[in-house]
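J.: Residues per chain are reported as follows:
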Amino acid sequence: MSTQTEPAARHAAPKDGPGRAGRRGGEGGVLNVFSHGVLVIWGLLVTMPLLWAVVSSFKDDAEIFGSPWSLPSVLHPDNWVRAWEKANMGEYFLNSLIVVGGSLIGTMVLGSMAAYVLARFDFPGNRVLYFLFVGGMGFPVILALVPLFFVMKNMALLDTYHGLICVYIAYSLPFTVFFLSGFFKTLPTSVAEAALIDGASHTRTFFQVMLPMAKPGLISVGIFNFLGQWNQYLLPTVLNVGDPHKKMLTQGLVALAVSQGYKGDWSGLFAGLTIAMLPVLAAYIIFQRQVVAGLTAGALK
Amino acid sequence: MQHGKYRFIAGFLIIPLAIYAVFVISPFVQAIYYSLTDWTGLSPDLRMVGFDNYVRLFQDSVFWAAVGNSVTLLLLLPVITLSLGLFFAFMLNVGGRRRKKAVIGGVRGSGVYKIIYFFPQVLSVPIVALLFQFAYNPESGALNAFLGALGLDGVQPNWLGDPQLALWCVMGAMVWANVGFYVVLFSAGMSSIPKDFYEAALLDGANRVNTFFRITLPLLWDTVQTGWIYMGILALDVSAFAFVQIMSVGPGGPDYSTEVLPLYVYQRTFRDGQAGYATAIGVSLLIVTLVFSAVVMRLGRRERLEF
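Residue numbers (this note's numbering), protein chains in the order written: chain H, 1 to 301; chain A, 1001 to 1307.
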């Protein structure tokens, strides 16, 4: 029965309101073309500057100036070699790896410890400490930097890896504590209680039970902190200027831009930019889902 | 048990708290104190001068130029970035061709658009700022070459060298760097809005512009408000400093047309040796930031809809 009535109903449907359905379909079609149009335009606006940098890194200087939009007539991979060796991009890359490696581990360990205690334990002053940490997110960092410079100077921490690591950790704590304490609150209490009853200490419960349960949150905030610290520019610009061999990658690029500006080695600078750009973009494309989740997590909460 | 608990709490908090106190809290507190002194930053000598630094701000024309530019960024950057983000996210989620049964649909390939739009978000400010500095280069930059190719040889602006245009050029780079993040963020929010809301609205004869302002925007309001505060702080603080310091002539020029408050704090401290005066500028930046956050919170207060 039903198999017979269905086609009939389908035929009847357009008769109900052909004009209405037609008009709406038309609107949808026009809109579809329009939306693809604007979306493609923005897509081009995003990709063109990046492609332009990559293409320019293979040109010589005359070509970069003479015809900015053309493809290179002869490939110049020597630009890359020059940027890596003579302009110290390799060295800066290593410096960034050392500092961000140390500060990322420190931020995650210290941040999750503080967040766990603030989220799961009642003690006098808990709320005060929580707001002290979280309040740091909204204050202009530049205001603290002037005295911070002299604090670092007195402690002989200027222009050192460990000094920079401490500062990176300190300025990553507000968001890390905010995000992770929210995350620890959502975890069930029963598992930790069971571990405590079985005789595990608080410390052991934290490292062996709670941290593994918090893994998704740790990954999100870890990616957030990695990108923030890797791309950090203001802190090293103020606190790490004494020794030219200790520059972070971001500082090195700007220094390269200034010095190549005098030398006129634009192709070397484009190669340097590309060297700095490609690994991050490649990592992003591979871990795309996690990166987007990590960076948007804070704003969606 | 209790004793063990407190020992555990103290053990876990002591190191993070110590680092935070030394490198974040103490500098903020010191900054307020230094703003009342004539400290140069070069020697340990300092003298309390009361509110002299703040009085001096009122006669400092560069300070007022910086306030003007910072406030311009604060008012325009969030509006432009968030509007573009909402617009593209709406196009991605609702701009698709009607499919079977679905009243509204996302465009084909929306995943690819989102991946590409997010590119600038993972790049550091120096990379973006240097790229744009090149693009704006009046002699060999991509922009003027493009205008020339279009046959507009007569229109070859000086971009960053033109006091009328420079701040807009910097803002353009900042918008470019941030729109993608909000497209992805709003898009995630939009896809969680139940489809029957749209269905009901379309049945009632609402067009897509109406559904955007009556359904999408109100339901996304919390996210938009968070984004507004993020973008405002970005326009006032670290990000504005980095873009202006790297891109502009001077930096801060030409003719103070791109001078912003964080850059001026930096210059007064490390270029002019006036750390005390610089922290007074920093405190005024803090006041602008707090007023801004309070205004957004107050204006944005709406009834929360659960769905």
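It is worth saying that the hints were derived from the structure and are not from the lab. The model shown is predicted, which means the values in this text are computed figures rather than measured ones. A virtual CB, placed ideally from N, CA and C, is assigned to each residue, including glycine. Mixed in with the good hints there might be a few duds.
With the C-beta cut set under 8 Å, the calculated list includes, among others, these residues of chain H facing chain A [claimed, not checked]:
| hint | residue |
| --- | --- |
| 1 | V30 |
| 2 | I41 |
| 3 | I64 |
| 4 | A144 |
| 5 | C166 |
| 6 | L218 |
| 7 | A257 |
| 8 | S259 |
| 9 | Y284 |
| 10 | I286 |
Mimicking BS3-like on lysine-lysine, the simulated pairs with C-alpha atoms at most 30 Å apart in a straight line are [as the list claims (entries may be wrong)]:
| hint | chain 1 | residue 1 | chain 2 | residue 2 |
| --- | --- | --- | --- | --- |
| 11 | H | K215 | A | K1114 |
| 12 | H | K246 | A | K1195 |
| 13 | A | K1005 | A | K1114 |
| 14 | H | K185 | H | K215 |
| 15 | H | K185 | A | K1005 |
| 16 | H | K246 | H | K263 |
| 17 | H | K185 | H | K86 |
| 18 | H | K86 | H | K263 |
| 19 | H | K153 | H | K215 |
Quick look at which bits of chain H chain A covers, simulated, 3 or more residues with Cβ under 8 Å [to be verified]:
| hint | segment |
| --- | --- |
| 20 | 80-94 |
| 21 | 146-158 |
J.: Now, for every hint given, state plainly whether the structure supports it.
T.: Consistency of the hints with the structure:
1. Checking V30 (chain H) against chain A: minimum C-beta separation of about 10 Å lies over 8 Å; hint violated.
2. For I41 (chain H), the suggested interface contact is broken, since its CB lies about 10 Å from the closest CB of chain A, more than 8 Å.
3. Interface restraint check: I64 (chain H) against chain A, minimum CB-CB distance 7 Å, threshold 8 Å, status holds.
4. Against a cut-off of 8 Å between C-beta atoms, the interface hint on A144 (chain H) holds, since the closest Cβ of chain A lies about 4 Å away.
5. Proximity of C166 (chain H) to chain A holds as hinted, the smallest CB-CB distance being about 6 Å (cut-off 8 Å).
6. The closest approach between the C-beta of L218 (chain H) and any C-beta of chain A is roughly 15 Å, which is over the 8 Å cut-off, so the hint fails.
7. The criterion of a C-beta within 8 Å of any C-beta in chain A is met by A257 (chain H), whose closest approach is roughly 5 Å, and the hint holds.
8. The beta carbon of S259 (chain H) comes no nearer than 13 Å to any beta carbon in chain A, farther than 8 Å, and the hint placing it at the interface is violated.
9. Using the Cβ-Cβ criterion of 8 Å, the hint placing Y284 (chain H) at the interface with chain A is satisfied: the shortest such distance is roughly 4 Å.
10. Annotation: interface hint on I286 (chain H) violated; nearest CB of chain A at approximately 11 Å, more than 8 Å.
11. For the proposed pair K215 (chain H) and K1114 (chain A), the alpha carbon gap of about 26 Å is at most 30 Å, so the pair holds.
12. A hinted pair counts as satisfied when its Cα atoms are at most 30 Å apart, and K246 (chain H) with K1195 (chain A) does not qualify at roughly 54 Å.
13. Straight-line distance between C-alpha atoms of K1005 (chain A) and K1114 (chain A) comes to about 47 Å, which puts the hinted pair past the 30 Å bound.
14. Between K185 (chain H) and K215 (chain H), the direct Cα distance comes to roughly 14 Å. Compliance with the 30 Å bound is thereby established for this hinted pair.
15. Only pairs whose Cα atoms come within 30 Å are accepted, and K185 (chain H) paired with K1005 (chain A) is accepted, the gap being roughly 18 Å.
16. Of the pairs offered as hints, the one joining K246 (chain H) and K263 (chain H) holds, with about 22 Å between alpha carbons and a cut-off of 30 Å not exceeded.
17. Distance hint between K185 (chain H) and K86 (chain H) is unfulfilled; the C-alpha atoms sit about 51 Å from each other, more than 30 Å.
18. A C-alpha spacing of about 13 Å is found between K86 (chain H) and K263 (chain H), which places the hinted pair at or below 30 Å, so the restraint holds.
19. The straight-line distance between the Cα atoms of K153 (chain H) and K215 (chain H) is roughly 38 Å, outside the 30 Å bound, and the hint therefore fails.
20. For the segment 80-94 of chain H, the stated coverage by chain A is not satisfied: 0 residues place a CB nearer than 8 Å to a CB of that chain, which falls below the threshold of 3.
21. Figure legend: the segment 146-158 of chain H, annotated as covered by chain A; annotation consistent (6 residues with Cβ-Cβ distances under 8 Å, at least 3 required).
Consistency note: the structure conflicts with the earlier hints numbered 1, 2, 6, 8, 10, 12, 13, 17, 19, 20.
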